[in-house]
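Letter by letter, the chains look like this.
There are 2 protein chains.
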Amino acid sequence: MAWSHVLPERPVVAVAGATGAVGREMLAVLEQRAFPAERVIALASHRSAGNRIPFAGDELVVEEMTPASFEGVDLALFSAGASVSREMREAVTAAGCVMIDNSSAFRMDDGVPLVVPEVNAGDLVWHSGVVANPNCSTIQMVVVLNALRALAPLKRVVVSTYQAASGAGQAAMDELYGQTGDFLAGRATTPSAFAHRIAFNCIPQIDVFMDDGSTKEEWKMVVETRKILGDVSLGVAVTCVRVPVLRCHSEALAIEFDSPVSVAVAREVLAAAAGVTVLDDPRERLYPMPALLEGTDDCYVGRIRRDESVEHGLQLWIVADQLRKGAALNTVQIAEALCAG
Amino acid sequence: MAWSHVLPERPVVAVAGATGAVGREMLAVLEQRAFPAERVIALASHRSAGNRIPFAGDELVVEEMTPASFEGVDLALFSAGASVSREMREAVTAAGCVMIDNSSAFRMDDGVPLVVPEVNAGDLVWHSGVVANPNCSTIQMVVVLNALRALAPLKRVVVSTYQAASGAGQAAMDELYGQTGDFLAGRATTPSAFAHRIAFNCIPQIDVFMDDGSTKEEWKMVVETRKILGDVSLGVAVTCVRVPVLRCHSEALAIEFDSPVSVAVAREVLAAAAGVTVLDDPRERLYPMPALLEGTDDCYVGRIRRDESVEHGLQLWIVADQLRKGAALNTVQIAEALCAG
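Here the protein sequences line up with chains W and L, keeping their order. When we follow the working numbering, the leftmost residue of the first sequence carries the number 1, and every step to the right adds one. When we follow the working numbering, the leftmost residue of the second sequence carries the number 1, and every step to the right adds one.
A few of these clues could be false.
Remember, identical chains collapse to one label, so a pair may be satisfied in a single copy or spanning two.
[As the list claims (entries may be wrong)] Computed list of lysine to aspartate or glutamate pairs in DMTMM-like fashion (alpha-carbon distance at most 20 Å, straight line): (1) 155 x 311; (2) 155 x 308; (3) 155 x 258.
For the record, the hints were derived by calculation from the structure and aren't laboratory data.
Produce the entire structure from the sequences given, and follow the hints as far as they go.
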């Protein structure tokens, strides 16, 4: 049941969840990239309706999201949580509107393409009204893996993440800074957005636990990576950890290939890849770091080196802004690809 | 040229570098474990001489360290940097005193045992006046690997570290808190102890870079692990990262074995291992974290799970206090083992 609606040249765009950290970043990205929207509508819960958000030199008045909100809308960028996406899906697609969903609600559905435009924009042709935006940690990893698999087939990836507060939303970002100030002042701290204190701590749990002892975040990185790369047998071993950083995720990767890959050629291929910037000059102490890269769009790669512990191995380090490429930017890039398609 | 001096029942102990973060912790550990010292002497640089340090209900007056300081001393616990250890080695051993050195100066010397008492206390028999204390990140990993290799031969370990400021000394600990406060207050920050801002950041560089693109800290974890375990062919892939945490190092491990290892049996073996505590109850959100474990002595292990991406794989998460098991405690345990031996 392919999608038969054709997008107009200047689509009407709704941002659903416009007052959250990702929603606000979606509006910023639409504006910065001069997305050719006929009109942009900001939707949120009843609680936020009436709020004003600066946009393109003007203001958007936030409207309450209801099933009727999508009449006359061509593209709806959702970041309002998985349950809201599930509730609204029918109304959105029935209105002839394409939903680009940043939640985990539909990512693993067979009928829903899971898209990182640099990697698998081709999967957009078979959507039937819903396109899913992958998990933030998955996105920055697959952009890099996709570039490298041009050199040799991938066999296995071991990845440890250093994930920022922004992945848990605006309240979590506020909690990180507020709690850190409280901690330094010797005031008692009570975790709310996180399960434990995040100030000066590392929490090896993101999302809920699965029966096999992995977390759902770790499971997402395995299954989403395989779906996006179209490689069901790829070995992916993941540990996801929250660290006291505001909005950039970092990842340490050990990648095993089926045949030889040289560091020099890997560096060249990455430097030439869309959406990737290589920052890798150890003598100058230059490598990707969250403190350097807030607000940037690319996946930054450094610490590229041979992994001597396996036959054909590379190790590297990736940092990307979780709210940009990890969420809002990738969603808008999907919208752009749909319009261009 | 084996060491022929016999330690007296109540040795005279010197702590060299007594005013640093590790030196102070050494004194605390000696006191807490009621180490049977005839006398404890606090040595430091000229600058710190005359300072008073509380010890065992009394005070130690810090003496300036010179080559003559070790006459009449039986055990010298060194944590004053590699160059000081090199300068003093001859004077220490010529005085018939055993040097237990926390620096990297002699760790890879063939004539110097590199010891974690739970793992290779047996190597102490062949020292010739100097015993080396391993790198902090190495210690907590080998305690766990040693327990697990009772189940099946180890093949390869991929480890990513989340290392605390304490590994870079007291000034680095002070910089983390001070700089974080400055950052929150909007004041400019200038890194000094670290190459970059550490507040709300991750720095993928610890120690200097080697020619192969790894850092010296990463190299240490490879070669020290092999030396301590007596396993020169063990594959070890390491990424070392500094995170904004005060004094506990965390590590994410993916371990490959030569034959099957079950999660349940691994958990039992770890729970029974000396120096290891298992904290692993996902339903209760219980796992090791720096915020829980400051000031503790064991290597804490959690997130124990099967790694489905290889034939015989386990993943787990280790946290230990860098100043305790990673440095001061392990040094004092070596001293205890020498006295018992």
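Verification of the hints:
Within a single copy, residue 155 and residue 311 get their C-alpha atoms as close as 11 Å, and across copies as close as 13 Å, so both meet the 20 Å cut-off. In this homomeric assembly, residue 155 and residue 308 come within 20 Å of each other (Cα to Cα) both inside a single copy, at 16 Å, and across copies, at 13 Å. When the C-alpha separation of residue 155 and residue 258 is checked against a cutoff of 20 Å, the pair qualifies both within a copy, at 6 Å, and between copies, at 19 Å.
Every hint from the earlier list agrees with this structure, and none is contradicted.
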